[in-house]
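Guided by the hints, dock chain B onto chain H, whose structure is given.
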Amino acid sequence: MNSQIPVAVATLLPRLCTLQHKDEFTTRHVGPDAAQTGVMLQQLGLKSLEDLIAATVPAAIALGRPLDLPAPLTEPEALFKLKSLLAHDKPARSFIGMGYYDTFTPNVILRNVLENPGWYTAYTPYQPEISQGRLECLLNFQQMVMDLTGMDLATASLLDEATAAAEAMALAKRVCGNAAANTFFVDHQCFPQTIDVIKTRAHAFGFDVVVGDPATISEHAVFGAIFQYPALRGDVQDLGSLIAALHAQKAIAIVAADILGLALLKSPGEMGADVVVGSTQRFGVPMGYGGPHAAYFATRQDYRRSVPGRMIGVSVDSRGKQALRMALQTREQHIRREKANSNICTAQVLLANVAALYAMYHGPVGLKRIANRVHRLTAILALGLQQAGSPPLNETFFDTITLELDAETAAAVLVRAEAAGINLRMDNADGTRVGISLDECTTPTDVELLWQVILGEAGRSLSLTALDQAIAELREAEGIGAELQRSSDFLTHAHFNSYHSETEMLRYMKKLEDRDISLNRSMIALGSCTMKLNATAEMMPISWPELNRVHPFVPKSQVPGYQQMISDLENMLMAITGFDAVCMQPNSGAQGEYAGLLAIRNYLDSLGQQQRNVCLIPSSAHGTNPATAQMVGMKVVIVACDARGNVDVNDLRAKALAHAADLAALMITYPSTHGVFEESIREICTIIHTNGGQVYMDGANLNAQVGVSRPADIGADVSHVNLHKTFCIPHGGGGPGMGPIGMKAHLAPFMAGHVVVPPKDVPLPFGAVSAAPWGSASILPISWMYVTMMGASGLLKATQVAILNANYVARKLDPHFPVLYTGSKGMVAHECIIDLRPLKQASGISEEDVAKRLMDFGFHAPTMSFPVAGTLMIEPTESESLMELDRFIEAMVTIRGEIELVLKGELDAVNNPLKNAPHTLADIMDESWDRPYSKRMAAFPAPWIANHKYWPTVNRVDNVFGDRNLVCSCPATADYDL
Amino acid sequence: MSKPFRYAKSHEWVSVDESGVATVGISDFAQSALGDVVFVDLPAVGATVAASAEVAVVESVKAASDIYSPVSGEIVEINTELQSAPDLINSSPSEGGWLYRIKLSNLAELDGLLDEEAYAAVCA
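These protein sequence lines map, in sequence, to chains H and B. Position 222 (the first sequence) corresponds to 274 in the numbering used here; numbering is contiguous. Position 64 (the second sequence) corresponds to 426 in the numbering used here; numbering is contiguous.
In silico DMTMM-like cross-links for lysine to aspartate or glutamate, where the CA-CA straight-line distance does not exceed 25 Å: (1) H:Lys420 x H:Glu556; (2) H:Lys967 x B:Asp398; (3) B:Lys371 x H:Glu390; (4) H:Lys608 x H:Asp479; (5) H:Lys225 x B:Asp403; (6) H:Lys967 x B:Asp449; (7) H:Lys892 x B:Asp390; (8) H:Lys373 x B:Asp398; (9) H:Lys687 x B:Glu416; (10) H:Lys877 x H:Asp694; (11) B:Lys424 x H:Asp1010; (12) H:Lys987 x H:Asp960; (13) H:Lys1001 x H:Asp982; (14) H:Lys563 x H:Glu167; (15) H:Lys225 x H:Glu322; (16) B:Lys371 x H:Asp694; (17) H:Lys302 x B:Asp403; (18) H:Lys391 x H:Asp260; (19) H:Lys391 x B:Asp428; (20) H:Lys225 x B:Asp428; (21) H:Lys877 x H:Asp887; (22) H:Lys74 x H:Glu129.
By construction, these hints were calculated from the structure, which means they are not laboratory data. Note that this is a predicted model, so its numbers are computed, not measured.
If we strip away everything but chain H, and leave its shape as in the complex, we get:
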């Protein structure tokens, strides 16, 4: 009998290349799978994603080819590649100081806040009822700043110390009593990057800046002045008499103060300061090669309406219970537009919260101990150097000393420092003036090593123990005069004295986290804000020490890997946008706008066209646009929009022609803020160019263009890229952000430079817009990972599905809530606006009622009343699956049904689940419940809610009460948790 060969299988097994699944990450990032995509396409009457794009994006701007990017890598491959890059870095231990210090992030905070999506994926707390956790933490931040600075008002953080100082200068001009003065005085002992940013900002405002010795201040008529405390060199001096002299000429006194130093030093508030700014980086936030960190801004209550940025205030909810919210928002750009105090929107919420929690974890006693330890080590270091014949220049100090060396010694110190792996502060090019700043991580061994670096062999004979004993026996602190010792209490509130054990801290943070809705709970469909997935693999590198423990001013040669990662990302952004150059410095979209308009301003000036100062802005623009134009001294002229929400091209042409002699720029968002790809965008750009202007494209909606069209090809000259929207940096509950700008070659020489570390290999003569050369460098790997793992095909898919999801939601909701604007083929871009005005007119139910009612379903409201009052703008992003979209649609349709009941009179016009939303457990537990609708209808309006119920911790927050009775500090403990 012959053995038979088995019959071959009918189909081939998959090849290895398929099994490798190289584009796996794309399938994880994009919510809908192929089947779900098919269902949605069918609903829209389309056959493919390509058909969808053809129906949505005007053919005239379509890219029509894949982006020029490397093939996608899998998660492990991308992480390995980044690790390998960074393996080339050998950053030395930094004693550079200048506002950046090594710090221990308490691990309990690192893992449960900084690395926790419950905290980092939250949005800015515009909807306070679902944000009480981080609002409480931010209020603690404000209290911490008020206590340490000795001021009576603090805000919820700014981008960095240097921009906070520039904002303080702008405030000084607004509130000073001698409006005629146009000069701002800067202590020459301020950090150089702070001086750089102040000069940039002052130039655009038309202020004169004098940098000099504070002793000469009375020679100038000034509207304000800023001092560094402790000074760059390290000295600490009582600023009281300088401040009094400023007040005598009705000028504003600003102090840039070290937050840890304030635990030991007399507070600037006690010296009479009007504004105190600084960084809270050394409160547990890694240096991160420049950021992100939270800057603080404290001032007097009198100036509360002039402060820039977000401020948390205490109010009450509809039950009269204490509730927190963002206060006095009418100061801000989204309402006040070109009359806003500043264009700032993004804060540094995540990092402010880390700093506040650090202060709570250590408490006043712990912070004093840390500060005293740093100070003692500095005193030992200084005394040792003095005994060895190299006394520091400064006799007073907190954590910093400065030495003057002869040229020969300087050269030897440099060699020894390099050998020991130590970076010192170099105040001059020949290295004869060097500074040393110690920090929380400095050890006694480090001090001994520093002696050897400075003194050579002679350093070995010094005894740390003996010097320590000598100082202890002095019985008074070395380096800080008796008059400067802090005598006032700080952090006396119970929040700073209750969570010193890890268990208590862990539970406090969990309690706060549970009060908020973040992306790890449900879709956050915020139009214009792009709350897409922040993938875990993207986030993992941010806690790597090779990215974190790097001082921003280390020589570039120590961090070739870091530099490579940054330049990789620049190249990726250039490929995606079509621009010729990228400036990585701006820390937010608004700052990107500022840097972009400054580049335009400086470019036009270089052509001798100083008279060009008109900035055209469509009426539909983000309020940030006019606020930014105002900051660079441009005059805003508004361009009308037509009934379809598009820029009125005739009006634009007329205004561009009328201003042909003085047109500087157009600021335009694309796709439009109305969520439509305008057909006329190319024509619009041409009209501007023909009339001598430059086109600034606001990148807020770039996520709808990636892989489909490119801003530079369309006609933009410069555009910012919101890395925290389009490229996956999480919103952090209201920051960090990153807003690098792409620009065409003719603008590239006008991008922001940096006085300490040149950001590019070519000289950049213009000043800095941020404190650090590459902005918040440590979060750039998030975007690097995203693009590396998605590749051209994945990025295109993301854009396609973002547009698909938005059109699916629009199509499904349109019968219930009319979609306000669509393109010529009836399609929206990546977001849609639904119009609630007719329903409000008929039923009295407002867009706010709908927004608050969504909370009962466990959803964060879409963007409310922007860009059109009385509407909601929904942006689902590509990351949401069909199931989640359908859940959201069901919630909206259910709400529409409830409005119908109000219209029919079956629900009371006022006492109904919409007006009373959101509903809390206190409502449901209320034994006197007598509402004309059931508790089930109130709190469980859809069947799936019971499975994963979110309970808002407060009822609707009373905004009016909070703004009429402003309180921005922590209320008495008894008022919490009633």
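Chain B only, in chain H's frame:
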């Protein structure tokens, strides 16, 4: 006694007494559109303002509205009660919620303002 109200298209009202001093406030329509007023920023007494120039700011929680003086002249009095009770603008826009009194420098400007009927047409 004050004469009947005249209105500016920008929603301020004016009422002039015999001595040529006008009282200025915002209309009921304007306060309703603004919503609950939380803060009012008033000019300094003694300041001189021109017609149509920004003279004050009225803030609700949702908007900060510039108030344009409907008439030119010198500010002779401001409504200090608004500092502690800005809600007077909502509850009594044409009486207790007045903003400032101004000594008119050009009576002819009043002719350019609207009467009740014409203003109602603007708001319609």
